[in-house]
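Asker: Chain by chain, the residues run as shown.
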Amino acid sequence: GESVGLHLPTLSVQEGDNSIINCAYSNSASDYFIWYKQESGKGPQFIIDIRSNMDKRQGQRVTVLLNKTVKHLSLQIAATQPGDSAVYFCAENYGGSQGNLIFGKGTKLSVKP
Amino acid sequence: EAGVVQSPRYKIIEKKQPVAFWCNPISGHNTLYWYRQNLGQGPELLIRYENEEAVDDSQLPKDRFSAERLKGVDSTLKIQPAELGDSAVYLCASKPSGGSDEQFFGPGTRLTVL
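Protein sequences appear in the order of chains A and B.
Okay, so the first sequence: first residue is 76 according to this note's numbering, each after it adds one.
Okay, so the second sequence: first residue is 13 according to this note's numbering, each after it adds one.
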């Protein structure tokens, strides 16, 4: 079936380094992708999103890259801080405005001071 | 602006008991979602509402789960009777009709079934 998955379940980085979290998706019809951050005991929090007509989008310290050829999505966090420690989920939507988000399993990011 | 509100935050019940969760979405958000999140997993959609209409409940286990959004604002998700495997975090999310596809999540209700 269609699925969204992550390459690495855990990622440990040093404070100040850049982090890259990867995600593979399988539905070529997906036209919207989103990254969420979830801290312990909280609901997912929006980080950044991208539509399929783009291959890169930048926010504050975060960049999302979309490679439709290999169905790959990545989240780059610049100058990672302890407050970035959380579980990161990618999600895809292939149903347009009537569609639903399909979430992957998540990657836990740990930032060492 | 207030975010998505959920209550209770935590609930512990014995199996076979009923339980209900409440969600108040962000004001003006017509679309409301209920998700279930198992430990270490991403959220999985249970039901989606457009105003008061359930437009996608294909993933809702209808033998024991029910939901309502009578006036198209707040919503209740019920489980009766609860089973051990229902232990999870139940998340509510909302988004406005049209515009961005970003969903805004509440803090969730952590359910433990003993």
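A few of these clues could be false.
[Said to hold, decoys possible] 30 Å max Cα-Cα, derived BS3-like pairs, lysine-lysine:
| hint | chain 1 | residue 1 | chain 2 | residue 2 |
| --- | --- | --- | --- | --- |
| 1 | B | Lys107 | A | Lys180 |
| 2 | A | Lys143 | A | Lys180 |
| 3 | B | Lys107 | B | Lys74 |
| 4 | B | Lys107 | B | Lys27 |
| 5 | A | Lys187 | B | Lys23 |
| 6 | A | Lys183 | A | Lys143 |
| 7 | A | Lys131 | A | Lys183 |
| 8 | A | Lys117 | A | Lys131 |
| 9 | A | Lys131 | B | Lys28 |
| 10 | B | Lys74 | A | Lys180 |
| 11 | B | Lys27 | A | Lys180 |
| 12 | A | Lys180 | B | Lys83 |
| 13 | B | Lys28 | A | Lys183 |
| 14 | A | Lys180 | B | Lys90 |
| 15 | B | Lys74 | A | Lys117 |
| 16 | A | Lys146 | A | Lys183 |
| 17 | A | Lys117 | B | Lys23 |
| 18 | A | Lys180 | A | Lys146 |
| 19 | B | Lys107 | A | Lys143 |
| 20 | A | Lys117 | B | Lys27 |
| 21 | B | Lys107 | B | Lys90 |
| 22 | A | Lys180 | A | Lys131 |
| 23 | B | Lys28 | B | Lys90 |
| 24 | A | Lys131 | A | Lys146 |
| 25 | B | Lys28 | B | Lys74 |
| 26 | A | Lys183 | B | Lys23 |
| 27 | B | Lys23 | B | Lys74 |
| 28 | A | Lys146 | B | Lys74 |
| 29 | B | Lys107 | A | Lys117 |
| 30 | B | Lys28 | A | Lys117 |
| 31 | A | Lys183 | B | Lys107 |
Keep in mind the hints are simulated off the structure, nothing from the lab.
In this text, all values refer to a predicted model and were calculated from it rather than measured experimentally.
Asker: Look at each hint and say if it fits the structure.
Answerer: To see whether the hints hold, each was checked on the structure:
1. A threshold of 30 Å between alpha carbons decides the hint, and for B/Lys107 with A/Lys180 the separation of about 22 Å falls inside it, so the pair holds.
2. Pair hint A/Lys143 plus A/Lys180 holds up; C-alpha atoms about 20 Å apart against a cutoff of 30 Å.
3. Taking the CA atoms of B/Lys107 and B/Lys74, the gap is about 24 Å. The hint holds against a cut of 30 Å.
4. For the suggested pair B/Lys107 and B/Lys27, the alpha carbons sit about 33 Å apart, so the restraint of at most 30 Å is broken.
5. This hinted pair does not check out: A/Lys187 and B/Lys23 have alpha carbons roughly 34 Å apart, beyond 30 Å.
6. Under the criterion of a C-alpha separation no larger than 30 Å, the hint pairing A/Lys183 with A/Lys143 is consistent with the structure, at around 24 Å.
7. Distance hint between A/Lys131 and A/Lys183 is fulfilled; the C-alpha atoms sit about 23 Å from each other, no more than 30 Å.
8. For the hint linking A/Lys117 to A/Lys131, the alpha-carbon distance of about 28 Å falls within 30 Å, and the restraint holds.
9. Only pairs whose Cα atoms come within 30 Å are accepted, and A/Lys131 paired with B/Lys28 is rejected, the gap being roughly 49 Å.
10. At roughly 25 Å between alpha-carbon atoms, B/Lys74 and A/Lys180 fall within 30 Å of each other, so this suggested pair holds.
11. Distance hint between B/Lys27 and A/Lys180 is fulfilled; the C-alpha atoms sit about 27 Å from each other, no more than 30 Å.
12. At most 30 Å may separate the alpha-carbon atoms for a hinted pair to count; A/Lys180 and B/Lys83 exceed this at roughly 34 Å.
13. For the hint linking B/Lys28 to A/Lys183, the alpha-carbon distance of about 34 Å lies beyond 30 Å, and the restraint is violated.
14. With a C-alpha separation of about 25 Å, the suggested pair A/Lys180 and B/Lys90 falls inside the 30 Å cut-off, and the hint holds.
15. Note on B/Lys74 and A/Lys117: the hinted pairing holds, with a Cα-Cα distance of about 27 Å set against a maximum of 30 Å.
16. Restraint check for A/Lys146 and A/Lys183: satisfied, since their Cα atoms lie roughly 21 Å apart, inside the 30 Å limit.
17. Only pairs whose Cα atoms come within 30 Å are accepted, and A/Lys117 paired with B/Lys23 is accepted, the gap being roughly 15 Å.
18. Pair hint A/Lys180 plus A/Lys146 holds up; C-alpha atoms about 17 Å apart against a cutoff of 30 Å.
19. Between B/Lys107 and A/Lys143 the alpha-carbon distance is near 26 Å, which keeps this suggested pair within the 30 Å criterion.
20. Restraint check for A/Lys117 and B/Lys27: satisfied, since their Cα atoms lie roughly 25 Å apart, inside the 30 Å limit.
21. Between B/Lys107 and B/Lys90 the alpha-carbon distance is near 22 Å, which keeps this suggested pair within the 30 Å criterion.
22. In summary, the hint linking A/Lys180 to A/Lys131 is supported, as the alpha carbons are separated by about 23 Å, within the 30 Å threshold.
23. The straight-line distance between the Cα atoms of B/Lys28 and B/Lys90 is roughly 13 Å, inside the 30 Å bound, and the hint therefore holds.
24. Simply put, A/Lys131 and A/Lys146 have alpha-carbon atoms about 14 Å apart, close enough for the 30 Å limit, and the pair holds.
25. Under the criterion of a C-alpha separation no larger than 30 Å, the hint pairing B/Lys28 with B/Lys74 is consistent with the structure, at around 16 Å.
26. Between A/Lys183 and B/Lys23 the alpha-carbon distance is near 26 Å, which keeps this suggested pair within the 30 Å criterion.
27. Of the supplied pair hints, the one linking B/Lys23 and B/Lys74 holds, its CA atoms being roughly 21 Å apart against a limit of 30 Å.
28. About 34 Å separates the Cα atoms of A/Lys146 and B/Lys74, which puts this hinted pair outside 30 Å; it is violated.
29. Of the supplied pair hints, the one linking B/Lys107 and A/Lys117 holds, its CA atoms being roughly 18 Å apart against a limit of 30 Å.
30. At most 30 Å may separate the alpha-carbon atoms for a hinted pair to count; B/Lys28 and A/Lys117 meet this at roughly 27 Å.
31. Our distance criterion of 30 Å between C-alpha atoms is met by A/Lys183 and B/Lys107, whose separation comes to about 26 Å.
Hint compliance for this structure: hints 4, 5, 9, 12, 13 and 28 are broken, all remaining hints hold.
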